[in-house]
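**Student:** Chain by chain, the residues:
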Amino acid sequence: MDIDRPRSLDETLAAAGEYPDATLLAGGTDVMVEVNFRTRQVRRVISLRGVADLSEWNGTRIGAGVTYRRMELGPIPALAQLARTVGSPQIRSVGTLGGNLGTASPAGDTHPFLAACDASIEVRSRDGGTRILSWSEFLTGPKLNALKPGEVITAVVLPEHLPARQEFGKVGVRSAMVISTVSACVMRDEEGRTTVALGAVGPTVLRAARAEEMMSAESHPSAEALAEFSRLVSDEVRPITDHRSTEAYRRHASGVLARRLLERCLAA
Amino acid sequence: MSVAPPDATTAPGRVGSSTLRPDGVPKTKGAFAYASDLQDERMLWGATVRAPLARARITRLDIAPALAIVGVHAVLTAEDVPGLNAMGQIVQDRPVLAENEVTYWGQPIAVVAAEDRETARRAADAVIVEYGELEPITDLVEGHERGLVFREHKARRGDPEAHGEVAVEGYYEVGTQDQAPLGTEAGIAFPDTEGGVDVYAVSQWIHVDHEQIVDCLGLRPEQVRVHPAGMGGAFGSREDLSLQVHLCMLALHTGRPVRMVYDRQESFASHVHRHAARMWYRHEADRDGRLVRVEARVLLDAGAYTETSPAVLNNAVYFAVGPYQCPNVFAEGYAVQTNNPPSGAMRGFGAVQSCFAYEAQMDRLAVELDMDPVELRLLNALETGDRLATTGQLIEEPLPTRAVIEAVRSLPVDADRPGNDPLGLPGGTGLTTPPNSVVRGVGFAVGIKNLAFSEGFDDYADARVVLTAAGVEVHTAAIEVGQGMVTILQQIARTVLGVDQVAVIFDDTSLIGSAGSTSASRQTQMAGGAVYRAAARVREEALRRADGDDLTGAGVWRDGTVVATLEELCGSDPIEHEVRYRHIETAEPDEDGQGSPHVDFSVAAHRAIVDVDPELGLVKLVRIDSAQDVGRALNPQSIIGQIEGGTMQGVGLAVMEELVLDRGRVLNANFTDYLLPTFLDAPPVQSVIVEEPGSWGPFGAKGFSELPTISSTPAVVAAIRAATGKALTRVPVRPEHIVGIE
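Those protein sequences? They're chains S and W, same order as listed. At position 190 of the first sequence the residue is numbered 190 (the working numbering), and the sequence of numbers has no breaks. Going from the second sequence to the working numbering is simple: count from 1 and add 268.
Keep in mind the hints are simulated off the structure, nothing from the lab. A hint or two may mislead.
[Stated by the list, open to error] Taking CB as the label site, the calculated pair distances span:
1. S:GLN41 with W:ARG685: 52 to 58 angstroms
2. S:ARG5 with W:ASP689: 38 to 44 angstroms
3. W:ARG685 with S:VAL42: 49 to 55 angstroms
4. W:ARG414 with S:GLU137: 52 to 58 angstroms
5. W:LEU948 with S:ALA209: 33 to 39 angstroms
6. W:PRO952 with S:PRO75: 43 to 49 angstroms
[Claimed, not checked] Short, incomplete list of chain S residues facing chain W, as computed with Cβ under 8 angstroms:
7. GLN81
8. ARG84
9. PHE168
10. GLY172
11. SER175
12. ALA176
13. MET177
14. ILE179
15. ALA253
Backbone N, C-alpha and C define an ideal beta-carbon position, used for all residues, glycine too.
Just chain S, with the same shape it has in the complex (with noise of 0.2 angstroms):
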């Protein structure tokens, strides 16, 4: 197995154009597993541990190689929030952004949060120069994204105004250190505009449209309201019953910690 250990981004894109098939490690946190249980057959790693540039988080854009530890530290209160609800200390302490984006599990703990925000994901390559694409242009299915052979991600960019009012839960069978059943975040600005994405419920996050185009024109939402917006929630969600949960579950579940989330911010 050959190893290459980029200094720079420009070295690092140089060596993901001239293999494109390697495997990019960052923590490892989900890269290793795979190697250890034999799932991924890795014949030539690019490490980005020494790459600075990608750990660079200048306000609104946030480096592909900053770790969970880093954003459950930093000023993004539902960022912070889904950091901490992410693995050990030692797997927060090394696991990174770009790593939950690069795996692309529909339970990836940073995909909600990034789609309720409508953040977007910035790529490079040695030849194709830069890309921006939004969450949903690069979330394509389960354990699939849109990275194209020998491109690398690089950050994550957030709209310029995130609301103040932005809430994520996670529900799991243990208190911390599990895979999510269902994962949520909602987010409300000044003017009631109201998003929500949740995760684990379908092949990429999702964000559910009429609940948010419902609860949006509600400037001071009533018991009735909320428990519609909940009601919208489990309906537009496309969970599946797996060794986790339970669809029936999963739905019912989302809608609830949606419900649950947008009170929180309704009381902030």
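Put chain W on the given structure of chain S with help from the hints.
**Tutor:** Chain W in isolation, oriented as in the chain S frame:
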């Protein structure tokens, strides 16, 4: 009887003190050699080819592509098993390597040895196996209806026509729990120069392994030496052979040492699990709440081979009524053969499954009688002088059932109300649950189990104690699984001999006789009992040699003066005594399950307090308190460790631990999805040690380490029921069960 505070201490290092374990610091620092650390310069790595299906015919097996890989030294299949291609400590029926058919997911089909681990794994992948898939039998009831039964057991006692005025019925299920030891199966085998082999591997009983390995290898007993190896947990999963025969075969075939370390998925696939269960119950009582009649029917999912299922099944039936008196009992159980993962021993050994059912029944009965559930238990409590409800055996040893119930009941219940800290709320770090969405419940449960081996089994333990000028050597084949065997044996020897310097030496099968299994909560009484008696003989001889009246590290004393130092006493002639210790005989029960199959029992009680988020079905255990019958506390700190650890293993079964199966395949054979409680799920535990010394354990000690796992599960579920009003007849309780949707 006394109720001891857990910090009670006596002389340092002696019985009764919380002596620190000698292996504690090395284990914490990573300096302790576990089985997975064993290696040799000349060694090869082994790997295993495993079945991807639960039931199939093997239609083609081609090892040539694997043998063609550079660095591969051997690829062995069923044809290469030199002796009997069958393992099992009760019935030898599980193939060393599958021949013609596979009957469970992950079953070994071939083993390879290669220069390095990666090459061995690639070679395992390169073996071509083709299958004709057959429909697996995965439903317990279907298996039973087809008559696929390894063992049935009946207990019929009392008057078939007797009935109570109040009756409750219930149907209960227990999912498949795994022991989930942190250390995976691992070991190394060394061929000797004369066709024999030494094997070091994880085990709970090296002598019973030895018998089976000898049969499978077709060697003479003295050609095989089975050594203990450092173990990261067992909980029953090491009672049956895993990789021992494979290692020996590869070592003998290649003439090189061969090492194997299972990965986590292989570990889940290869060892036996706790039996999944389905149980039908009917309890009848008089108007005052006294049990009049209990009927029970228990099905246990044994998987494809016998393993220890007959004994587990019998235990489930023996303890079908629990620690309660009842004159009329009609119970039956069946260990059913399926193509689900193999089942066998796990902490609690059949008593866990029954306890979940009978304690739910007791709560139902209390509701029906409009009685306090704890009062109902006290009213029916089984104690010394009573007869076990299922077998009619007279309880002759101390059994402080009422004392453990009272001890837990008297602990304060004023746990803090849920605050705003999300880590103290259901959902934890997921921030799902505001404090006002929480309801609280309290649940209570009591459990009972036998100690040591039963049913007429010749249960013994050998130990040899040697006094030299340097101090004491204790030789034993009892296995330290992490429970503190080494500490307890040191404490016993120090206390008997008065000498502080005690080395415990874990010998291989060629150097000492069997200590029996480290299981059945038996080693403190059995290996400890042997060491106690051997040490007493050593002391006797020391005093006799020097005509003294006391022995300490300074030597033999007479009238307050040292008359012989240890050097003078035994510098050139060590004092050595070996003892084979047996507990009193037990007997197989008659055809109605009546008789005296057990030597002793222990009881424990738990009270759980939970906060539940009923809308999301999430549970936060607020606290769980317990009282434990231990006879006499030899090492209080160690006891607390066993109680807390055992309790959490029961908590895991209550709310999260389950192997999820699909057509016999395990879907969550990893620690990402087989969820164990973490520290954040572990609440404060107050443990009360109840001491009522028994007659036969050293210093009155009784084994107990399975007990905390037995009653914690039903206590937690009772608390969730109390909070939610849901029936919750299955464990683990899942969020969808609490919410009430599937």
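**Student:** Less than 8 angstroms between beta-carbons is the criterion; does ALA176 of chain S satisfy it with respect to chain W?
**Tutor:** Holds, about 5 angstroms.
**Student:** Tell me if the beta carbons of GLN41 of chain S and ARG685 of chain W are separated by a distance inside 52 to 58 angstroms.
**Tutor:** Because 53 angstroms falls inside the window, the suggested range holds.
**Student:** Quick check: does the Cβ-Cβ distance between ARG5 of chain S and ASP689 of chain W fall within 38 to 44 angstroms?
**Tutor:** Because 43 angstroms falls inside the window, the suggested range holds.
**Student:** If I claimed the Cβ atoms of ARG414 of chain W and GLU137 of chain S lie 52 to 58 angstroms apart, would that claim hold in this structure?
**Tutor:** Given range 52 to 58 angstroms: holds, Cβ gap about 54 angstroms.
**Student:** When you take the CB atoms of PRO952 of chain W and PRO75 of chain S, is the distance between them in 43 to 49 angstroms?
**Tutor:** This hint is violated: roughly 35 angstroms between Cβ atoms.
**Student:** Under the criterion of a CB-CB separation shorter than 8 angstroms, is GLY172 of chain S in contact with chain W as hinted?
**Tutor:** 6 angstroms, holds
**Student:** Was the hint right that ILE179 of chain S lines chain W, CB cutoff 8 angstroms?
**Tutor:** Nearest chain W Cβ about 6 angstroms off; hint holds.
**Student:** Does the Cβ-Cβ separation between ARG685 of chain W and VAL42 of chain S fall within 49 to 55 angstroms?
**Tutor:** 51 angstroms, holds
**Student:** Quick check on ALA253 of chain S please, does its C-beta sit within 8 angstroms of some C-beta on chain W?
**Tutor:** 6 angstroms, holds
**Student:** Given a cut of 8 angstroms on the nearest C-beta pair, is the interface hint for PHE168 of chain S held or broken against chain W?
**Tutor:** 7 angstroms, holds
**Student:** Does the nearest C-beta of chain W fall within a distance shorter than 8 angstroms of the C-beta of GLN81 of chain S?
**Tutor:** 6 angstroms, holds
**Student:** Under the criterion of a CB-CB separation shorter than 8 angstroms, is SER175 of chain S in contact with chain W as hinted?
**Tutor:** 3 angstroms, holds
The structure fails hint 6 only (numbered hints given earlier).
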